[in-house]
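In full-length UniProt numbering, the protein residues as written are 1 to 354.
Hint data in this document are derived by calculation from the structure and do not stem from the laboratory.
Errors might be hidden in some of the hints.
Stated by the list, open to error - Each computed DSBU-like pair below joins lysine-lysine, with the alpha-carbon atoms no more than 35 Å apart:
| # | residue 1 | residue 2 |
| --- | --- | --- |
| 1 | Lys229 | Lys55 |
| 2 | Lys341 | Lys235 |
| 3 | Lys341 | Lys229 |
| 4 | Lys118 | Lys228 |
| 5 | Lys228 | Lys341 |
| 6 | Lys118 | Lys60 |
| 7 | Lys118 | Lys55 |
| 8 | Lys235 | Lys55 |
| 9 | Lys231 | Lys341 |
| 10 | Lys229 | Lys118 |
| 11 | Lys231 | Lys60 |
| 12 | Lys55 | Lys341 |
| 13 | Lys118 | Lys225 |
| 14 | Lys225 | Lys341 |
| 15 | Lys55 | Lys228 |
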Amino acid sequence: MDASSETISARLLAWYDAHARDLPWRAPPGSPPPEPYRVWLSEVMLQQTTVAAVKEYFAKFTRTWPEVTQLAAARDEDVMAAWAGLGYYARARNLLACAREVAARGGTFPDTEEELRKLPGLGAYTAAAVAAIAFDRRAVVVDANVERVVSRLFAIERELPAARPEIRDGAETITPDARAGDFAQAMMDLGATVCTARDPRCLLCPLSEPCAARAGGDPARFPVKAPKKAKPARKGRAYWITRAIGGRTHVWLVQRPGSGMLGGMRALPDDGWKARTDGHGEAPLAGTWQAAGRVNHVFTHFSLELHVEMLAGNVAQGPGEGEWWPLDHLDDAGLPTLFAKAARLAVAMQEDAA
DNA sequence: AAGACGGGGCC
DNA sequence: GGCCCAGTCTT
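Turn these sequences into a full structure, and let the hints steer you where they fit.
Here you go:
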């Protein structure tokens, strides 16, 4: 690290001392790190999502499973249900697999980036972040915030994702040996509150003086990104099947396969919309079906128009594998948002009919 | 190297 | 409607 890089990290850390965000999984600047379990849990939850979305889930998980060994001992379906709505459900499957590996090691997380990287669900970013934040190891932590800050600081013209190695090199040159965790979190806070994607607030930025993009006059131009591919549109159907058991209405839920879209999650039966574009599926039971409405939902690589169909009457037996779930406890089923939306439609339709 | 993989908030 | 976000895994 040369003199100007020292200036950059020193300026950033001084700014962080005064402006760090107060977050549930975080220790204040300059203080001992939080428990590795909490750092790891928050970092996995934060992958590809936002602080606001994670807070409630972090509170629920740490309340339900205060230690990694308790999470390791939890039932898969309880963890998946607790994760429902947060998305990218492979993260929850890897979270549980990782907790169980750590529990098998005696409940202690490895304390080096290299060893952390071998755990399920810990890629380059998360291994570096946990090493830095939980264990104060020097590690080059590069997330979307850091990509934005570094690409502006050095005015990197190469477009993402091809610019990743160049950005990583830039991050490496400014990462200090001391206060690695604070530095990593400072970069993220700067990206989240000052060096924002739209309308960066350069007047408040501790790095505005050395920033090449700022000098160039149009910092928001960075990072340069490759054009996105168009999202295909799909159509499909979901089925709402009910039965009264002991005077309580139950709805038929299935469990989705362990891999693929919404993998391992409880769901309404559907027609396999994943593979369809025409929206013409076979109903799982014979009978009189009634349209309950339509859900529009956008996934990462396609959008879906899901038509919800209700079966009139009281079914004696559900189709295939599944379970009758009491309607008054449907919130506990842990339906992913797509099916939670579909269920809301069906419930509203049933209440109208009643 | 490219694609699969959620969801919500903002403009 | 498009863009963005504390990325990882598979092929």
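Outcome of the hint check:
1. At most 35 Å may separate the alpha-carbon atoms for a hinted pair to count; Lys229 and Lys55 meet this at roughly 31 Å.
2. With a C-alpha separation of about 15 Å, the suggested pair Lys341 and Lys235 falls inside the 35 Å cut-off, and the hint holds.
3. Simply put, Lys341 and Lys229 have alpha-carbon atoms about 27 Å apart, close enough for the 35 Å limit, and the pair holds.
4. Between Lys118 and Lys228 the CA atoms are separated by roughly 31 Å; this keeps the pair inside 35 Å, and the hint holds.
5. As the CA atoms of Lys228 and Lys341 are separated by approximately 28 Å, the hinted pair is consistent with the 35 Å bound.
6. With a C-alpha separation of about 27 Å, the suggested pairing of Lys118 with Lys60 holds against the 35 Å cut-off.
7. At most 35 Å may separate the alpha-carbon atoms for a hinted pair to count; Lys118 and Lys55 meet this at roughly 27 Å.
8. The straight-line distance between the Cα atoms of Lys235 and Lys55 is roughly 33 Å, inside the 35 Å bound, and the hint therefore holds.
9. Distance hint between Lys231 and Lys341 is fulfilled; the C-alpha atoms sit about 21 Å from each other, no more than 35 Å.
10. Distance check on the hinted pair: Lys229 and Lys118 sit about 32 Å apart at the alpha-carbon level, within 35 Å; holds.
11. Of the supplied pair hints, the one linking Lys231 and Lys60 holds, its CA atoms being roughly 34 Å apart against a limit of 35 Å.
12. With a CA separation close to 22 Å, the supplied pair Lys55 and Lys341 stays within the 35 Å bound.
13. Note on Lys118 and Lys225: the hinted pairing holds, with a Cα-Cα distance of about 30 Å set against a maximum of 35 Å.
14. For the hint pairing Lys225 with Lys341, the CA-to-CA distance comes to about 33 Å; that is within 35 Å, so the pair holds.
15. Our distance criterion of 35 Å between C-alpha atoms is met by Lys55 and Lys228, whose separation comes to about 30 Å.
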